[in-house]
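Given only the sequences and the hints, what does the whole structure look like? Please build it.
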Amino acid sequence: MTNIDQFESIFKKADKQLFELETVDLDSMLVLSDGDEALSRRFMHQVQDFLDTTLLEKQITWHQMLGSEHSSVSDVVSRINDLQPDLVCTFRNLHAPATDYPYSLGVYLDVLSQVTDIPVLVLPSPHRTAAIPKSTGTVMAIADHLTGDHHLVSYAARLTAPNGSLLLTHVEDQQVFERFMSVISKIPSIETDSARDSIREQLLAEPRDYIASCSRVIAEKQLPIQVREIVTFGHSLLDYQQLIQQHAVDLLVLNTKQEDQLAMHGLAYPLCVELRNTPILML
Numbered sequence: 285m286t287n288i289d290q291f292e293s294i295f296k297k298a299d300k301q302l303f304e305l306e307t308v309d310l311d312s313m314l315v316l317s318d319g320d321e322a323l324s325r326r327f328m329h330q331v332q333d334f335l336d337t338t339l340l341e342k343q344i345t346w347h348q349m350l351g352s353e354h355s356s357v358s359d360v361v362s363r364i365n366d367l368q369p370d371l372v373c374t375f376r377n378l379h380a381p382a383t384d385y386p387y388s389l390g391v392y393l394d395v396l397s398q399v400t401d402i403p404v405l406v407l408p409s410p411h412r413t414a415a416i417p418k419s420t421g422t423v424m425a426i427a428d429h430l431t432g433d434h435h436l437v438s439y440a441a442r443l444t445a446p447n448g449s450l451l452l453t454h455v456e457d458q459q460v461f462e463r464f465m466s467v468i469s470k471i472p473s474i475e476t477d478s479a480r481d482s483i484r485e486q487l488l489a490e491p492r493d494y495i496a497s498c499s500r501v502i503a504e505k506q507l508p509i510q511v512r513e514i515v516t517f518g519h520s521l522l523d524y525q526q527l528i529q530q531h532a533v534d535l536l537v538l539n540t541k542q543e544d545q546l547a548m549h550g551l552a553y554p555l556c557v558e559l560r561n562t563p564i565l566m567l
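Everything in the sequence shown is counted per this note's numbering, starting at 285 for the first residue and increasing by one.
Hints may contain errors.
Claimed, not checked - With a straight-line cut-off of 25 Å between C-alpha atoms, the simulated SDA-like cross-links for lysine to any residue are:
1) K300 with D493
2) K300 with E504
3) K541 with H329
4) K505 with S312
5) K505 with G448
6) K418 with Q525
7) K470 with D481
8) K342 with G421
9) K342 with N365
10) K541 with Q459
11) K342 with H434
12) K418 with L436
13) K300 with K418
14) K342 with S358
15) K470 with V460
16) K505 with D366
17) K418 with D320
18) K470 with E485
19) K342 with K300
20) K342 with V308
21) K300 with S497
22) K541 with D366
23) K342 with H354
24) K418 with T345
25) K300 with Q525
26) K541 with D457
27) K541 with K418
Don't read these hints as lab results, they were simulated from the structure. All values reported here derive from a predicted model rather than from experimental measurement.
Structure follows, in structure tokens:
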């Protein structure tokens, strides 16, 4: 390596991406349900109780769409386009027996997660016995590329209850890493063991530096929450599930839109399907 290359590497390593806290306005909520009016009212009260523990402003305009007010996804999309709420709160398998489709989101959520940019909060179904957590005391923002995702972190921070924990979680793809290392091992001019250690260290250092920046900015803004770091390697759905269960997460925040595609992002779909008892904010 020449002196110029060495200097450039040092310069780039020192150039760290800093967190910028975005303004998250959640003043208007649409609660979407099915069933009769009594069930819809009960679900709405559960949503209000769940979000009442967060850092949200208390002056919220609540809208409700009862089961009798929609018979198709287009009815819901039309209502959302008219209201333009800041958040849609609902549950899986609207107008479909959850017992018949235990591991699916249902057509409503499949469509809403892709045709609108409005975040969707998915809660345990009121048709099931699983209870909605009493607070958002432990919120996890999870991604396979957390660095620079100000939007994800800002939403997660705003939805963390006062004195609660915000778990900023970066899961580096172990399978992709091993594939690149396999290629590197076939290049004689590169010392494989040294490269493995250096690349692994740098891959984990970047999200750690970003999370440290998140913690500083959140403290400067005097948000009364504790930021905790989880940076690891993983790949499978089980790896993600174990992290979520290990930390008893009350709310999971993740990106669901695949850039330039009408499909859910990466592991977002199986996570949303499997974690039926965990509230999930889909961005």
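Outcome of the hint check:
{"no.": "1", "hint": "K300 with D493", "result": "holds, 7 Å"}
{"no.": "2", "hint": "K300 with E504", "result": "holds, 19 Å"}
{"no.": "3", "hint": "K541 with H329", "result": "violated, 29 Å"}
{"no.": "4", "hint": "K505 with S312", "result": "holds, 24 Å"}
{"no.": "5", "hint": "K505 with G448", "result": "holds, 16 Å"}
{"no.": "6", "hint": "K418 with Q525", "result": "holds, 21 Å"}
{"no.": "7", "hint": "K470 with D481", "result": "holds, 17 Å"}
{"no.": "8", "hint": "K342 with G421", "result": "holds, 18 Å"}
{"no.": "9", "hint": "K342 with N365", "result": "holds, 24 Å"}
{"no.": "10", "hint": "K541 with Q459", "result": "holds, 22 Å"}
{"no.": "11", "hint": "K342 with H434", "result": "holds, 24 Å"}
{"no.": "12", "hint": "K418 with L436", "result": "holds, 23 Å"}
{"no.": "13", "hint": "K300 with K418", "result": "violated, 37 Å"}
{"no.": "14", "hint": "K342 with S358", "result": "violated, 31 Å"}
{"no.": "15", "hint": "K470 with V460", "result": "holds, 16 Å"}
{"no.": "16", "hint": "K505 with D366", "result": "violated, 34 Å"}
{"no.": "17", "hint": "K418 with D320", "result": "holds, 24 Å"}
{"no.": "18", "hint": "K470 with E485", "result": "holds, 21 Å"}
{"no.": "19", "hint": "K342 with K300", "result": "violated, 36 Å"}
{"no.": "20", "hint": "K342 with V308", "result": "holds, 14 Å"}
{"no.": "21", "hint": "K300 with S497", "result": "holds, 9 Å"}
{"no.": "22", "hint": "K541 with D366", "result": "holds, 22 Å"}
{"no.": "23", "hint": "K342 with H354", "result": "violated, 28 Å"}
{"no.": "24", "hint": "K418 with T345", "result": "holds, 21 Å"}
{"no.": "25", "hint": "K300 with Q525", "result": "violated, 30 Å"}
{"no.": "26", "hint": "K541 with D457", "result": "holds, 19 Å"}
{"no.": "27", "hint": "K541 with K418", "result": "violated, 28 Å"}
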